[in-house]
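When you line the sequence shown up against full-length UniProt numbering, it's residues 1 to 62, in that order.
Careful, some of the hints might be misleading.
Said to hold, decoys possible - What follows is a list of derived Cβ distance ranges for each label pair:
no.	residue 1	residue 2	range
1	Glu-9	Val-43	49 to 55 angstroms
2	Ala-54	Met-17	32 to 38 angstroms
3	Ala-20	Phe-47	37 to 43 angstroms
4	Ser-56	Gln-24	44 to 50 angstroms
5	Arg-23	Lys-61	30 to 36 angstroms
6	Phe-47	Ser-14	30 to 36 angstroms
Hint data in this document are derived by calculation from the structure and do not stem from the laboratory.
Yeah, the Cβ is synthetic: ideal placement off N, Cα and C, and Gly gets one too.
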Amino acid sequence: MIEQRPSEERRKSSAAMDEARLRQQAIGVRLRQMFDEVVNEQVPDEFLEILRRADSRSSEKG
Numbered sequence: 001m002i003e004q005r006p007s008e009e010r011r012k013s014s015a016a017m018d019e020a021r022l023r024q025q026a027i028g029v030r031l032r033q034m035f036d037e038v039v040n041e042q043v044p045d046e047f048l049e050i051l052r053r054a055d056s057r058s059s060e061k062g
């Protein structure tokens with residue numbers, strides 16, 4: 001059996017780390033895009049009404 005040289009192992013390890021970093025970076029970019037899309041969506045009227053009712057109930061108790 002041929003043993004791998006330490007420099008070859010380091011090179012493979014470095015390539016794997018680079019690939020993992022690129023994957024993580026791509027995931028981060030996509031998550032930021034999705035977050036921006038959600039932030040820019042309008043809040044449904046029904047949800048706003050629920051929030052108004054909750055606010056009025058909490059102010060009545062306080």
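Hint check:
1. A C-beta distance of roughly 54 angstroms is found between Glu-9 and Val-43, which places it inside the suggested range of 49 to 55 angstroms.
2. The hinted range of 32 to 38 angstroms is not satisfied by Ala-54 and Met-17, whose Cβ atoms lie roughly 48 angstroms apart.
3. Separation of Ala-20 from Phe-47 is about 39 angstroms and conforms to the stated range, judged on CB atoms against 37 to 43 angstroms.
4. Distance hint for Ser-56 and Gln-24: a CB-CB separation of about 45 angstroms, consistent with the stated range 44 to 50 angstroms.
5. Roughly 50 angstroms separates the CB atoms of Arg-23 and Lys-61, a value that falls outside the hinted 30 to 36 angstroms.
6. The hint said 30 to 36 angstroms for the Cβ distance between Phe-47 and Ser-14, and at roughly 49 angstroms that hint is violated.
Hints 2, 5 and 6, counting from the list given before, are not met by this structure.
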